[in-house]
Amino acid sequence: MVTEPLLTEAQDNMQEGRTRGTATLILRDKTYTVPAGITVRQAIQKAGLVPESVLPTRDGELIPEDERVRDGDVIHLVAVISGG
Amino acid sequence: MRKCRKCGQRAVVYMRQHRLALCKEHYIEWFIEQTARTIRKYRMFTKEDRVLVAVSGGKDSLALWDVLWQLGYQAHGLYIGLGIDGGIGYSDRSREAVETFARERNLHLIVEDVPTQYGEGIPEMARRTRRGRGKPCSVCGLVKRHIMNRVAREGGYTVLATGHNLDDEAAVLFGNVMTWQVGYLARQHPVLPARDGLVKKVKPFFRFYERETAAYALLRGIRYVYDECPFAQGAKSIYYKELLNKLEEERPGTKLQFFLGFLRAKEQGAFAPVQEEVDEELHACEVCGQPTTAPGRCAFCRLVTPGEPVSKPALIAPPLTTPSVVSETASETGARGTVT
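Quick note, the sequences are listed as chains A and B, same order.
Under the working numbering, the residue at position 71 of the first sequence is numbered 71, and the numbers go up by one with no gaps.
Under the working numbering, the residue at position 186 of the second sequence is numbered 186, and the numbers go up by one with no gaps.
Since the hints were made in silico from the structure, they are not lab data.
Please read all numbers here as calculations on a predicted model, not as lab measurements.
Positions of the beta carbon are idealized from the N, C-alpha and C atoms, including for glycine.
Keep in mind that the hints are not guaranteed to be accurate.
[Unchecked claim] Using C-beta positions, here's what the derived DEER-type ranges look like:
hint: 1; chain 1: B; residue 1: E29; chain 2: A; residue 2: G48; range: 31 to 37 angstroms
hint: 2; chain 1: A; residue 1: D71; chain 2: B; residue 2: H108; range: 18 to 24 angstroms
hint: 3; chain 1: B; residue 1: L260; chain 2: A; residue 2: G21; range: 19 to 25 angstroms
hint: 4; chain 1: A; residue 1: R28; chain 2: B; residue 2: R195; range: 38 to 44 angstroms
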């Protein structure tokens, strides 16, 4: 019985990505720490960026936005806006 | 996890405005097919045309050249060295990216180097003149438009293709609407027909989001120059793109509807050219022979040789008498307008 509230809390944390560690997003010379467990798209939004303006890559490969961010992930964001 | 609509494998690109998810292989296939469709639908050019692709070393222009090459068009590249360093060797790196790209695919590349041919680069030209009010973008646009048209004419190319994408077009449109630049609205179009010494200009990527051209370049392993032109920082067009992307986030398809709706409105007669411009007579520049709105030397020749004729051999061109386009937009800096 004592485990129930803990389980609930754990589930909440999982939803929030809090107990799954963190991942790093890198855009040009800036880095952003985001909770693991959320989608790449959510992670980009959590970093205060616009997903439409960047492409997420891992190890040089394009990754889908609905993929979950894992603990220790390093995701490089490629800025797509150019011009002047 | 989203699956590719065509094969059911893991999708890497999802286009919210089309509700379309595709894997790497099928995304590349889709992208090439869509380009071919746009070229046909808007009658941009055929396999018989000789196409000159303006390549800057950025993702869009290299992706365009790559697609045209794969589709079997006669597409040669034109790189214009602008003499911009900006502490990052911008022009040198751009040229290297373009030359590597062409060499790897055995494609024909024409290189025009502004500092070599005219004794100074774009930043120096901008400093020397008042054009652009301290920003070299206006001078850069003028020089590029002139060189592109000259090279196309000299080389017998029937079409000049640029890598402008939908975000580029939507941002220009947005800027012109914000300031109600009716003349520019009348002239903005992905296909500008040839006339009066101006080579036909087309934008085969104008229906692709910038994100899509970047995805294509990444998935095809195209090594492009990632850094922006040092002078592009703080540019209005970039600000407009960011604004439009925020709208797009809330309502997928907004950018596409905005621009395609504009083209439909034009087809229905909206934004017709103003009468003074329709009646405007074009003349051949007395030095270079390219079209210009005022008799005498064109803006380019006045820029590069304030006091003397340029050393380049003059093109022989008949006097120009019919109405034509002058420049496409005030805010554009690149290969976007026509000769002034």
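_Broken hints, by number_ = Hint check: 2 and 3 fail, others pass.
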